[in-house]
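Participant: Single-letter residue listing:
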Amino acid sequence: MTLFKPHKMSLARREALAGYAFIIPWIIGFLIFTIGPMLASLYFSFTDYNIIDPPRWIGLQNYARVFSGIPEYFKTGDPRQLGDPLFWKSLQVTLYFASLALPLNLILSFFLAILLNQKVPGVNVWRTIFFLPSIIAGVAVTLLWIRILNPRMGILNPFLQNVLGIQNPPGWLQDPNWSVPALVLMSLWGVGGSMIIYLAGLQGIPTDLYDAAKVDGANAWQRFWNVTFPMMTPVLFYNLVLGMIGTFQYFTEVYVATSGTGGPQRSTLFYNLYLYQNAFRYFDMGYASTMAWILFVIVLLLTALIFRSSDAWVYYEGQLRGRG
Amino acid sequence: MKNKLFRLLALLALASMILAACGGGATVTEEAPSGEAPAPASEAPAAGEKAKVVIFVGFGTGTDPDQVAAQEALAKKFNDSHDNIEMEFLIVPNEEARERFLAMVAGDNAPQLVGPHGISTIANFLDQWEDITPYIEKENYDMSDFYGPATTLNKYPDLNAGLPLGLYPSFIFYNKDAFDAAGLDYPTHDYADTSWNLDALREMAMQLTLDADDLTPNDEGFNPATIKQWGYADTWTDARGQLTMFGAPTKGRPTTDDYKTATFNSPEWVFGAQWLHDGIFKDYFIPDAAGQSAIDADTGDPFGGGHVAIWYSHTWYMSEGLNELPFKYDIAPLFFNQDGERISRIHADLFTMPKTAKNKDAAWEVMKWLVAPEQIVDVCKVYGCLPARESSQEAYLNYMKERYPGIDYDVIFTAIDYLDDPNHESWVPEWGKVNDTLNNAQTTIYTEPELDVTNLMNITNEDMQKILDEYWAKQ
Amino acid sequence: MKRVLNFLPWLFGTVKGHEFLFKGITTLILAAGAVVIMVPLAFMISTSLKDPAQIRSDANTLIPRKPQTTEINGERYNLYQVTVNGISREMAMLKKAPGGMANFVDPASPDEIYELKINEQTPLYRLDIHWENYPEALTAMPFFRYLGNTLIVTFVGMAGMLFSCSLVAYGFSRFRARWLNLLFLLLLSTIMLPSQVRLIPLYILFQNLGWVNTLLPLIVPQFFANAYDVFLLRQFFMTIPLELDDAAKIDGANPLQVLLYIILPQARPALVSVGIFHFLYAWNDFYEPLIFLHTRENWTLAVGLQTFDAIYTINTHLIMAVSVLMIVPPIVLFFFSQRIFTQGVVFSGIKG
Chain A
1263 MTLFKPHKMS
1273 LARREALAGY
1283 AFIIPWIIGF
1293 LIFTIGPMLA
1303 SLYFSFTDYN
1313 IIDPPRWIGL
1323 QNYARVFSGI
1333 PEYFKTGDPR
1343 QLGDPLFWKS
1353 LQVTLYFASL
1363 ALPLNLILSF
1373 FLAILLNQKV
1383 PGVNVWRTIF
1393 FLPSIIAGVA
1403 VTLLWIRILN
1413 PRMGILNPFL
1423 QNVLGIQNPP
1433 GWLQDPNWSV
1443 PALVLMSLWG
1453 VGGSMIIYLA
1463 GLQGIPTDLY
1473 DAAKVDGANA
1483 WQRFWNVTFP
1493 MMTPVLFYNL
1503 VLGMIGTFQY
1513 FTEVYVATSG
1523 TGGPQRSTLF
1533 YNLYLYQNAF
1543 RYFDMGYAST
1553 MAWILFVIVL
1563 LLTALIFRSS
1573 DAWVYYEGQL
1583 RGRG
Chain B
11 MKNKLFRLLA
21 LLALASMILA
31 ACGGGATVTE
41 EAPSGEAPAP
51 ASEAPAAGEK
61 AKVVIFVGFG
71 TGTDPDQVAA
81 QEALAKKFND
91 SHDNIEMEFL
101 IVPNEEARER
111 FLAMVAGDNA
121 PQLVGPHGIS
131 TIANFLDQWE
141 DITPYIEKEN
151 YDMSDFYGPA
161 TTLNKYPDLN
171 AGLPLGLYPS
181 FIFYNKDAFD
191 AAGLDYPTHD
201 YADTSWNLDA
211 LREMAMQLTL
221 DADDLTPNDE
231 GFNPATIKQW
241 GYADTWTDAR
251 GQLTMFGAPT
261 KGRPTTDDYK
271 TATFNSPEWV
281 FGAQWLHDGI
291 FKDYFIPDAA
301 GQSAIDADTG
311 DPFGGGHVAI
321 WYSHTWYMSE
331 GLNELPFKYD
341 IAPLFFNQDG
351 ERISRIHADL
361 FTMPKTAKNK
371 DAAWEVMKWL
381 VAPEQIVDVC
391 KVYGCLPARE
401 SSQEAYLNYM
411 KERYPGIDYD
421 VIFTAIDYLD
431 DPNHESWVPE
441 WGKVNDTLNN
451 AQTTIYTEPE
461 LDVTNLMNIT
471 NEDMQKILDE
481 YWAKQ
Chain C
1226 MKRVLNFLPW
1236 LFGTVKGHEF
1246 LFKGITTLIL
1256 AAGAVVIMVP
1266 LAFMISTSLK
1276 DPAQIRSDAN
1286 TLIPRKPQTT
1296 EINGERYNLY
1306 QVTVNGISRE
1316 MAMLKKAPGG
1326 MANFVDPASP
1336 DEIYELKINE
1346 QTPLYRLDIH
1356 WENYPEALTA
1366 MPFFRYLGNT
1376 LIVTFVGMAG
1386 MLFSCSLVAY
1396 GFSRFRARWL
1406 NLLFLLLLST
1416 IMLPSQVRLI
1426 PLYILFQNLG
1436 WVNTLLPLIV
1446 PQFFANAYDV
1456 FLLRQFFMTI
1466 PLELDDAAKI
1476 DGANPLQVLL
1486 YIILPQARPA
1496 LVSVGIFHFL
1506 YAWNDFYEPL
1516 IFLHTRENWT
1526 LAVGLQTFDA
1536 IYTINTHLIM
1546 AVSVLMIVPP
1556 IVLFFFSQRI
1566 FTQGVVFSGI
1576 KG
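Residue numbers (the numbering used here), protein chains in the order written: chain A, 1263 to 1586; chain B, 11 to 485; chain C, 1226 to 1577.
Worth flagging that the hints you see were computed from the coordinates, not collected in a lab.
These numbers were taken from a predicted model, which means no experiment stands behind them.
Ideal Cβ positions, reconstructed from N, Cα and C, are used throughout, including at glycine.
Errors might be hidden in some of the hints.
Taking CB as the label site, the calculated pair distances span [to be verified]:
#1 B:TYR166 to C:THR1520: 30 to 36 Å
#2 C:LEU1287 to B:ASP268: 57 to 63 Å
#3 C:GLU1361 to B:ASP462: 46 to 52 Å
#4 C:TRP1356 to B:TYR269: 55 to 61 Å
Start from the sequences and build out the full structure, keeping to the hints where you can.
Facilitator: Below, the structure written as structure tokens:
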């Protein structure tokens, strides 16, 4: 009711209320569509739930399964001592993928956006071409890449051999040591999505900032570091956070490319793939939910960390300072 | 002035909700009236109301656009001739079928029938299915026309999962042109010829394996990296499927009869795994993982591309794959194993009834209708299976002969006599987890040139035993 | 490393000659990248024009072709350009023989049989393009029905998303309040929990709302904002200088007017971006429609495409044909939306 009695409010309170008012659509949606399923899955993580029968409360057993056997593992070095070696294997696969895919994606898409922001002839066509891969629906792309990467009949390895002179090109998806890099390669092909966001960011940089820099005698390189880069940090920040969230939940491509197996030799057993197997192949939705919430905590902590660090490197032209 | 703003915002929030409701409301299609909402809880529908039977298609074959159209024709035929039951096919692509089915069950909206699907998904979801024994007994339903094996393959001590629909026996497809080119005689079609064994196959397959320069593994200078045609392949099946032919005491099931002890490392299967590994990395007549993926790529069809001279597979390949092959081919019996035994694995499809489904009586009627002598051939034509009724053999044979002339159909029917029992897809505790564990060993065999196969089989057996122990500890 | 760094200012230098060189290098790099991107696409188009037999035996050829054949005594045989005794002539291959050899004959005189090495002869091909894959793919499903559903889901959803996300992003970027930062993290956290474990409860929720087998689950949630788009818009809103707001506020504008007249016009590239992303997401999404839609009449195009990927059957040519067709509308949309993109923003300070 205070909403309609503004004259008694301080300026700060009024601003706060306006802020809350604008986010009402999300709050309503969150309460209707999101919070329920989230809490339900949190509850499942403390149960034995096969989806078909009602969940049965088992306390922390699912969590214990994940974290048991760690001292024994460190004593013996034998991963089979772990309560669930595949959990750790899948986490390792995911971290490995993230450590390659995330930086490469960020850098490559940024670089492309810079290039595509130049006044080169036919820039609209170039942009469209680089954006193309993100347009195509999943099945077809994965089918194509499986064929292209195939060490025997694909077209990539002959190119590596005959044009680049690489003697023993890798077996890609069929080689346990190269399957994750192969998936990284596939993900880089679709880099146009993040590129577009950078491009939008570049478009949003007011031209008068460049003019001012020019007047101050800055050369192109200085203009890049002193104008372009700082102005792009909010977008970089966005791509970093969402890239991280997405990479940790990487699923569809590997599900299609390996028919849901995570092979060969579990080299592509991603965290979410193993979670999926538990939920829908082993009917252990309780354990899958436990995995989901462990991932949730990991990603949330990392996100909070990035947010903390953002004060130091992300520059907002329209940042609000002070109270709040 | 400012309170105007707040009113505006409150209104805006409200408007956004109303807009949401309207925006959605306008798009509810006319075809989707409230009839789709949760079905009434009562078992027997009220008078004048049709009992709905939704058939969930997606665990096996049946989602191809041609099949979708054929199934709709079947539904129309049924609905035109029944006043009290309405049958509808629900098509879900295979890759998303599990989530969708479980969501429906969890939402108390289970489909009335699921199928056609095989022994593997029936075993994977074993607790899900209604035992149809009471229905059979109540009506004294005549089971005598079905092939014997068809009635037992999906039967467990406490569960008869459904009326048999079709069988998919296995045998080898061979590329006659490849044999001609190698100057070899075709494999025997005589099921009694015991000289047709693993060694004969190996010898034959090595002569049928060619690298880019048309050299065979027997030739000096053969380059395995450039193989363009392999002598033999057994693809599209899992670890249990590939090892079954080597004849362990429990055939296709890697456990003891009480399901408590893992027997994946039985001497027969260790021999089989070693035989496969040698065939891949020593003698080169079996494609490794990369080779398999290459010949599967795009078409999912190892044989049709002409890259495999002898392919071991099932009748389902004949529903679609044999069209327009650019070479001559025929089929022949599977060879005998190292112990002089022939185990020709089989698949058996049917429709099952989820336990929690409503309108079960109507579902039973539809299940009977689908496998009735009047329909079974038509239904099997849609799904590419051999009708499970002996009385339908003639009609089916005529149809197949017209479609693929010049094939020795005796091979197919005799193969049924050599089936694997227990079946390679049959139930074991934690079916999915065990299957993934064993398949991991399979991919290792196909990807690691330097491999201690015995050790791999032993370690995998230990992993499987751990899964079994955990399962039994919970019971 | 140092050398590279020294090189860069030169690369970005202002001298005209350098600029010309820079543009040349840029174009070269872009062209190389474009080749990498276009190769898979070229195969996609090529595969969409082949029949299953061609895909099976001739998958790596870009231009669809079939072996030339000729008829001898009622049987068809493949034709080769064959060199016999130094003379090149067209011959039919009768039969393969051991050692990579084969029997060849001149169709004009079928009795003279030559045994020659296959690898040394050139097979003859003819162009064989299967345009009919496109009509076949389109008629295999009720195309216009699915297109209609897809357009409804896409555009109604897009309107809802733009509307709600603009408001919410504005709330999160331009106001100070104690809980806003925490709420923003909460918003972000909604996309951190793998969707697999939320699927079953969500399905039950929609079923209880009576929304299963309607388009509602795909549309209505869009009206309540989502983390991806709110976050992106927030990032862009926060780059817009506060002086602009202040100037408008001095002129008596309320927060909503600031959003409408100051923020949104400034953030046009961002709005276009989220619009495009939402379009692509809705256009290509098959997972949610598959779970929540029931009867085939309610499907979207992406679901129809997904059904071509059936096990045990060979539809690669149809998958590729539909995929090619489905790229066209997003391309057109993207190509033209670039105009808004490239206008950019001219001013930053209060001088505007």
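Participant: Indicate, hint by hint, whether the structure satisfies it.
Facilitator: Verification of the hints:
1. B:TYR166 to C:THR1520: 30 to 36 Å: holds (34 Å)
2. C:LEU1287 to B:ASP268: 57 to 63 Å: holds (59 Å)
3. C:GLU1361 to B:ASP462: 46 to 52 Å: holds (51 Å)
4. C:TRP1356 to B:TYR269: 55 to 61 Å: holds (56 Å)
Of the numbered hints listed earlier, not one is contradicted by the structure.
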